[in-house]
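Since chain A is already given, all that's left is putting chain B on it; use the hints.
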Amino acid sequence: MRTLIAKLALTAAALGCGLQFAAAETANIWVRADGSNFMPKIVDAFNKANKDQVKLDIIPNAEIIPKYGAAAAGGTAPDALSLDLIYTPSFAAAGQLEDITDWAKSLPYFASLSPAHVKTGTYKDHIYGLPFSADASVLIWNKKLFKQAGLDPEKGPTNWAEIEADAEKVNALGGNIKGFYFSGNCGGCNIFTFTPLIWASGGDILSEDGSKATLDSPQLRGAIDLYRSMVKKDLVPAGAQTDTGANFFAAFAAGNIGISPSGAFAIGALNTQYPNVDYGVTFLPGKDGNWSSFAGGDNFVVTKGTKKLAVVKEFLDFAYSLEGQTILAKYGSLPVRGDIAKEALKDLDPRYQIAAEAMAKGKTPYSVVFNDLINSANGPWTQMINEVFFGDDVDGAIANAQETMQSIIDQAPQK
Amino acid sequence: MTTITATTAPPRARKLVGAGRRQWIGLLYVAPAVALVMVFFVIPLGMTAWMSLHNWPLMGEHSFIGLGNYWAILRDTRFWNALRFTGYYTVVVTIAIFAVAFPLAIFIERPRPFTNLYRTMFFMPAVVGFASASLLWSWLLNVDSGLFSPAAYDLGLIDKKFNLLATFQPAFWSIIAMVVWKVAGFTMIILMTGLQSIPQDLQEAAVIDGAGPFARFRAITLPLMRRTLALALILSVAGSILAFDQFYIILRGGPRNQTLTAVYWIFNQSFVSFKLGYGAALSMVLLVILVTLSLVQLWLLRKPEGLD
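Going down the list, the protein sequences come from chains A and B.
As numbered in my numbering, residues 784 to 1198 make up the first sequence, in order.
As numbered in my numbering, residues 574 to 881 make up the second sequence, in order.
Keep in mind that the hints were calculated from the coordinates and are not lab data.
Ideal Cβ placement from N, Cα and C applies to all residues, glycine included.
Fair warning: there could be bad hints in the mix.
Unchecked claim - List of simulated lysine-lysine pairs, BS3-like, C-alpha gap at most 30 Å:
#  : chain 1 : residue 1 : chain 2 : residue 2
1  : A       : K952      : B       : K734
2  : A       : K1016     : A       : K824
3  : A       : K1087     : A       : K1146
4  : B       : K733      : A       : K1015
5  : B       : K734      : A       : K930
6  : B       : K734      : A       : K926
7  : A       : K952      : A       : K831
8  : A       : K831      : B       : K733
9  : A       : K952      : B       : K733
10 : B       : K733      : A       : K1016
11 : A       : K1113     : A       : K938
12 : A       : K1146     : A       : K1129
13 : B       : K734      : A       : K927
14 : A       : K1146     : A       : K1125
15 : B       : K734      : A       : K1016
16 : A       : K1096     : A       : K838
17 : A       : K1096     : A       : K1125
18 : B       : K733      : A       : K926
19 : B       : K733      : A       : K930
20 : B       : K733      : A       : K927
21 : A       : K1016     : A       : K838
What the hints assert, rightly or not - Beta-carbon label-pair distances, calculated as ranges:
#  : chain 1 : residue 1 : chain 2 : residue 2 : range
22 : B       : S636      : A       : I841      : 42 to 52 Å
23 : A       : A845      : B       : A792      : 39 to 49 Å
24 : B       : L815      : A       : A1033     : 31 to 41 Å
25 : B       : R657      : A       : D1175     : 19 to 29 Å
26 : A       : D1175     : B       : T693      : 41 to 51 Å
27 : B       : A724      : A       : D1175     : 45 to 55 Å
Same shape as in the complex, but just chain A (with noise of 0.2 Å):
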């Protein structure tokens, strides 16, 4: 009789490891390449204090959409992913992630997440995507060419006209120095640094539900105006004309640039591999002050009839949670709860801050065909800002691609 209590004690102990061995789950969480700096950091610290496990794969920008496309199809796809923000529309209207309306809703904190990245993680009334990673737009200006050109180093320009003046000054030091720099080729960029300059006066290039093309107006053509007078009066580099976005950001940490519209990364990028550029950080203005910022960075979603629904909760939880935050922060990406931003910044450069408080106002364009209209290359919007900077019809160059636009956005996939 002993003998089988005995037993029957050392099958249920078993019996218990055995079980709890196998509630430890793991779920495959994607990510692109721009968050490879601070999500093995965070996906580490979970798999530390928790018993359940995320295994991350980080994936080059431009193939994570259609791998993920092609491992749903085989039905290999990760259970969750982060993903450039603006995907998320056309991702849900394809049908591709779960809806996760309730659970969002049920975050307590659900009122101070980022309400742009909020905004693009709606599809039709229902939550597909919540904020993980994020960027503001901010404009950064050289200190220590400001001080040459003989302009107050502490203080970056607060409006369009201020913007030319000081970017003539430090142009007139010479040599290898300029006063300005985009990428002039590159729609992801200056979606991200140019449109930031029509919001804050005013303006709009699409509708608030991304049905409507809006580039016919007095805003942006006044935004498009300034740079052109700058290129005109040749304050900007040569290379600008044809820089895809491999310059993006070089092209300030080299230290001969005036002043350049970026983003928050440049802060952390700036301070670990540049510590020679001495630089402010400001908000990108409107043509007579007042500012606006692009709200960039990635949506997490969650592939549809995953079976690691409850992991892929508890490690959202955490990187929400204030350590969480802080890591995100202290490895390159803004908080993305408002309520908590400034406490798990209290330790980061100051400059920080300002960018954070760009990103709570910070604004992102919604359409289903985002990539098609922006992003692309060869896109409606990369043809157009290089011709309208650089070439010589600038309302046929407008008109043009209003018209293209409007009918990507017509055809696309109504559902």
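Structure of chain B alone, referenced to chain A:
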């Protein structure tokens, strides 16, 4: 009588059995090749044709739409523009390649001092992959960090750096220069083998008859090079119609989409807009165009009667 039929019939039967067996053995020998062609050509081609009849997005359901994609191609002005540019590029680059490769082939055909060195030098770029060559040239052509523009500026030849890739003509001719540099060596080798196969005694006889170099070239070299020329021409035309790497890597279809080629547009529709069915239909159209063009070239350059 019966003995005769009896003796003649069996050998005939044996012969048939032998031929049948030989056929089977023959099939067995080519089976691996047939399998490879099936797996890597026929089946993918069939799948592409099947996909082209569907609305096939990257994600989500696909649905049969018959010839819908093909009707859409008829209205796709950007595809026709891309095709027109591809045709223009093919003509220009083929002429340029032959203009460089033919003299080079004549130059290196006969042994002379350093012939092997020249052959190696001219052929070298052909062994570099198109993508690597494009990356190399995109650096050489870069206005700020490359070779041409900064060197010209530093030498004082120009007073302002000139961005070669910013406007159509310089960008287009930069690509032509790169492709000729890359491909002419390969064409040169093909043409050289053609030149070497022309019997010397024909040339010598013509010299005795008093024919000058130009007359010999026109009356002997060119006609006897017909098949070699046809091969080089078809390779060049087919390669140019499928051009993609250099336009994607160096120009991104720019400036302002003026250098979008047909394959670039197919890539764009398939992997940027994720319309896989439409991309498949475009591929089928391009395939038909390419096959037709190759047949026309073969027919034009077919061996004339009575000439070996």
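Verification of the hints:
1. The suggested pairing of A:K952 with B:K734 holds, with an alpha-carbon distance near 21 Å, which does not exceed 30 Å.
2. The hinted pair formed by A:K1016 and A:K824 fails the criterion: a straight-line CA distance of about 46 Å is larger than 30 Å.
3. The suggested pairing of A:K1087 with A:K1146 holds, with an alpha-carbon distance near 27 Å, which does not exceed 30 Å.
4. At most 30 Å may separate the alpha-carbon atoms for a hinted pair to count; B:K733 and A:K1015 meet this at roughly 13 Å.
5. A threshold of 30 Å between alpha carbons decides the hint, and for B:K734 with A:K930 the separation of about 27 Å falls inside it, so the pair holds.
6. Of the pairs offered as hints, the one joining B:K734 and A:K926 holds, with about 27 Å between alpha carbons and a cut-off of 30 Å not exceeded.
7. Restraint check for A:K952 and A:K831: the C-alpha separation of about 53 Å exceeds 30 Å, so the hint is violated.
8. The hinted pair formed by A:K831 and B:K733 fails the criterion: a straight-line CA distance of about 58 Å is larger than 30 Å.
9. Of the supplied pair hints, the one linking A:K952 and B:K733 holds, its CA atoms being roughly 20 Å apart against a limit of 30 Å.
10. Only pairs whose Cα atoms come within 30 Å are accepted, and B:K733 paired with A:K1016 is accepted, the gap being roughly 13 Å.
11. Between the alpha carbons of A:K1113 and A:K938 the distance comes to roughly 26 Å, so the proposed pair stays at or under 30 Å and holds.
12. Proximity of A:K1146 to A:K1129 is assessed by CA-CA distance (about 24 Å); at most 30 Å being required, the pair is judged to hold.
13. Between the alpha carbons of B:K734 and A:K927 the distance comes to roughly 26 Å, so the proposed pair stays at or under 30 Å and holds.
14. At roughly 20 Å between alpha-carbon atoms, A:K1146 and A:K1125 fall within 30 Å of each other, so this suggested pair holds.
15. Proximity of B:K734 to A:K1016 is assessed by CA-CA distance (about 15 Å); at most 30 Å being required, the pair is judged to hold.
16. Proposed proximity of A:K1096 and A:K838 is supported: the alpha carbons are some 14 Å apart, at most 30 Å.
17. A hinted pair counts as satisfied when its Cα atoms are at most 30 Å apart, and A:K1096 with A:K1125 qualifies at roughly 24 Å.
18. Distance check on the hinted pair: B:K733 and A:K926 sit about 27 Å apart at the alpha-carbon level, within 30 Å; holds.
19. For a cut-off of 30 Å, the pair hint linking B:K733 to A:K930 stands: about 27 Å separates their Cα positions.
20. Proximity of B:K733 to A:K927 is assessed by CA-CA distance (about 26 Å); at most 30 Å being required, the pair is judged to hold.
21. About 52 Å separates the Cα atoms of A:K1016 and A:K838, which puts this hinted pair outside 30 Å; it is violated.
22. Checked against the given bound of 42 to 52 Å, the beta carbons of B:S636 and A:I841, roughly 34 Å apart, lie outside it.
23. Between A:A845 and B:A792 the Cβ separation comes to about 56 Å, which falls outside the hinted range of 39 to 49 Å.
24. Here the CB-CB span from B:L815 to A:A1033 is close to 33 Å, well matched to the stated 31 to 41 Å.
25. Between B:R657 and A:D1175 the beta carbons are some 23 Å apart, a value that agrees with the proposed interval 19 to 29 Å.
26. Hint check: A:D1175 to B:T693, Cβ distance near 47 Å, so the stated range 41 to 51 Å holds.
27. Between B:A724 and A:D1175, the C-beta spacing of about 29 Å breaks the proposed range 45 to 55 Å.
In summary, the numbered hints that this structure violates are 2, 7, 8, 21, 22, 23 and 27.
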